[in-house]
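Start from chain A and add chain B according to the hints.
Residue numbers (this note's numbering), protein chains in the order written: chain A, 1 to 260; chain B, 1 to 260.
Rather than coming from a laboratory, the hints here were simulated on the basis of the structure. A couple of the hints might just be wrong.
[What the hints assert, rightly or not] Across the chosen pairs, the derived CB separations fall in these ranges:
#, chain 1, residue 1, chain 2, residue 2, range
1, A, Asp56, B, His177, 35 to 43 Å
2, B, His233, A, Asp149, 47 to 55 Å
3, A, Ser2, B, Gly165, 50 to 58 Å
4, A, Glu166, B, Pro60, 15 to 23 Å
[Stated by the list, open to error] Distance condition first, Cα-Cα at most 25 Å in a straight line; then the derived DSS-like pairs of lysine-lysine:
#, chain 1, residue 1, chain 2, residue 2
5, B, Lys34, A, Lys148
6, B, Lys34, A, Lys178
7, B, Lys34, A, Lys34
8, A, Lys178, A, Lys137
9, B, Lys34, B, Lys174
10, A, Lys178, B, Lys140
11, A, Lys130, A, Lys148
12, B, Lys140, B, Lys178
13, B, Lys130, A, Lys34
14, B, Lys130, B, Lys140
15, B, Lys206, B, Lys178
16, A, Lys174, B, Lys130
17, A, Lys178, A, Lys140
18, A, Lys34, A, Lys206
19, A, Lys206, B, Lys178
20, B, Lys174, B, Lys148
21, B, Lys148, A, Lys34
22, A, Lys148, A, Lys137
Being a predicted model, the structure only gives us computed values, none of them experimental. Here a beta-carbon is modelled for each residue, glycine too, at the ideal position from N, C-alpha and C.
There are 2 protein chains.
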Amino acid sequence: MSLESDLRLANRLADAAAEAIRPLFRAEFSYESKGDASPVTEADRAAEAAMRRILDSELPADGIIGEEYGTERPDASRQWVLDPIDGTVSFMAGRPIFGTLIALLQDGWPVIGIINQPISGERWVGALGKPTTFNGKIAKTRRCRELKDASLASSGPQYFSDHEGEHFMNLASKTAHKRMLFGGDCYNYGLLASGHIDLVVESGLKLYDYAAHVSIVEGAGGQMCDWNGDPLHANSEGHVIALGDPARLDDVIEALACDH
Amino acid sequence: MSLESDLRLANRLADAAAEAIRPLFRAEFSYESKGDASPVTEADRAAEAAMRRILDSELPADGIIGEEYGTERPDASRQWVLDPIDGTVSFMAGRPIFGTLIALLQDGWPVIGIINQPISGERWVGALGKPTTFNGKIAKTRRCRELKDASLASSGPQYFSDHEGEHFMNLASKTAHKRMLFGGDCYNYGLLASGHIDLVVESGLKLYDYAAHVSIVEGAGGQMCDWNGDPLHANSEGHVIALGDPARLDDVIEALACDH
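Extracted from the complex, chain A is given alone in its bound form (with noise of 0.2 Å):
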């Protein structure tokens, strides 16, 4: 497989998931709570569902971790992360700005990744070694010469645990708090590459909550790491930092850790 048909493999699957996504979008449709009371839609299983039937079909080989439907194939070397929509509660709640997340890593590290918004029509493409587009034209992220005028996006405070929320809140202190942005999911962080927000720090995101991102932050220059300043990987904890001036890396990294 080349990375250029991976490519467009990886697109397929977007344009699928937006099909099955779209008639479903501030429609009726069902849903009901998993195991951990978040909740899953009619429109999350058929999104995942189109994904499979395509790389079952085109790519047996090749393993898949979903989120609706779990992990094939675990020991192979090339991994299809997808995550049909991120940003549930916003999807149900009608907001466009929920995303299908489509990943591929190599021997654990990501290589592509896509985010793609069906009811707007925007999307977000990211290869190693190759300029992150966005709507097949080139993004990239802004420098930020201080942290203080850095503005940051996180999906929510009550995805934090209290420990967590302090040494969140201690960073956010001193960025651009007035404009701290809270909900968004995946859309933040191609914002970030598309330079529109400087920064997106989260705890607790699973591996298809963040393999999609890293391809296409840093193919737009900035940079993704764990709260350690780690490179991401699919054995991450889920600690993310989405940082579009990489120069503010340590900066970002000494406020996190601080207890005040």
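Chain B in isolation, oriented as in the chain A frame:
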């Protein structure tokens, strides 16, 4: 003036604001911090100026209360209340879930309201005694049989004082808190009017942050009031409840009033 001609004018104001905002979305724009350190951009100012030009020329006797350029003719019985960009932080980050808010007050009471999202082209229009519309079609809130099933939205925990935050979190714990949404500003009220969210609770809102929502939510079958259940008017204190199903109002007020 008839309600119909006022509605036509209100729609023209929304069009004019949208024209001023669109070219600046995800573009280079200047911004600065206001007295309370909240940001204001070139787009906020241009959009409010465009609306004021129309009002000054067509309804020179009416009062205007605008977020950016203050109050004119405060003694007029008719007051146009303008928030050119509600959700400036979202606008600056490139999230298409901010909106232009336009309300007409008669003797301090809201009689017309518009929420306009200029990027996605979504517009909610409410007027006293008329059904609310979303892009020209009738919008309706949804029923919510039990508070524990209610999806709750609020712009962000950072906007509550510690004391208010405790009351809010007590309410949140009695709703479907795994579906709680932060961020969104005015867009939450539109989604509530369209039946996708059940409950929005906020504090610290200014008149221009909530005036437009009253006609929209109530014309869609919902209810808006302050945290005591009293109707909202020009002198309300900015503790706001919007509820899709008015039958849940007592439950909401009881949960908000409780100190655990």
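Results of checking the hints against the structure:
no.	hint	verdict
1	Asp56(A) to His177(B): 35 to 43 Å	37 Å, holds
2	His233(B) to Asp149(A): 47 to 55 Å	39 Å, violated
3	Ser2(A) to Gly165(B): 50 to 58 Å	53 Å, holds
4	Glu166(A) to Pro60(B): 15 to 23 Å	55 Å, violated
5	Lys34(B) to Lys148(A)	16 Å, holds
6	Lys34(B) to Lys178(A)	11 Å, holds
7	Lys34(B) to Lys34(A)	44 Å, violated
8	Lys178(A) to Lys137(A)	31 Å, violated
9	Lys34(B) to Lys174(B)	36 Å, violated
10	Lys178(A) to Lys140(B)	34 Å, violated
11	Lys130(A) to Lys148(A)	31 Å, violated
12	Lys140(B) to Lys178(B)	24 Å, holds
13	Lys130(B) to Lys34(A)	41 Å, violated
14	Lys130(B) to Lys140(B)	12 Å, holds
15	Lys206(B) to Lys178(B)	29 Å, violated
16	Lys174(A) to Lys130(B)	48 Å, violated
17	Lys178(A) to Lys140(A)	24 Å, holds
18	Lys34(A) to Lys206(A)	15 Å, holds
19	Lys206(A) to Lys178(B)	17 Å, holds
20	Lys174(B) to Lys148(B)	5 Å, holds
21	Lys148(B) to Lys34(A)	17 Å, holds
22	Lys148(A) to Lys137(A)	30 Å, violated
Going down the numbered hints, you'll see the structure goes against 2, 4, 7, 8, 9, 10, 11, 13, 15, 16, 22, while the others check out.
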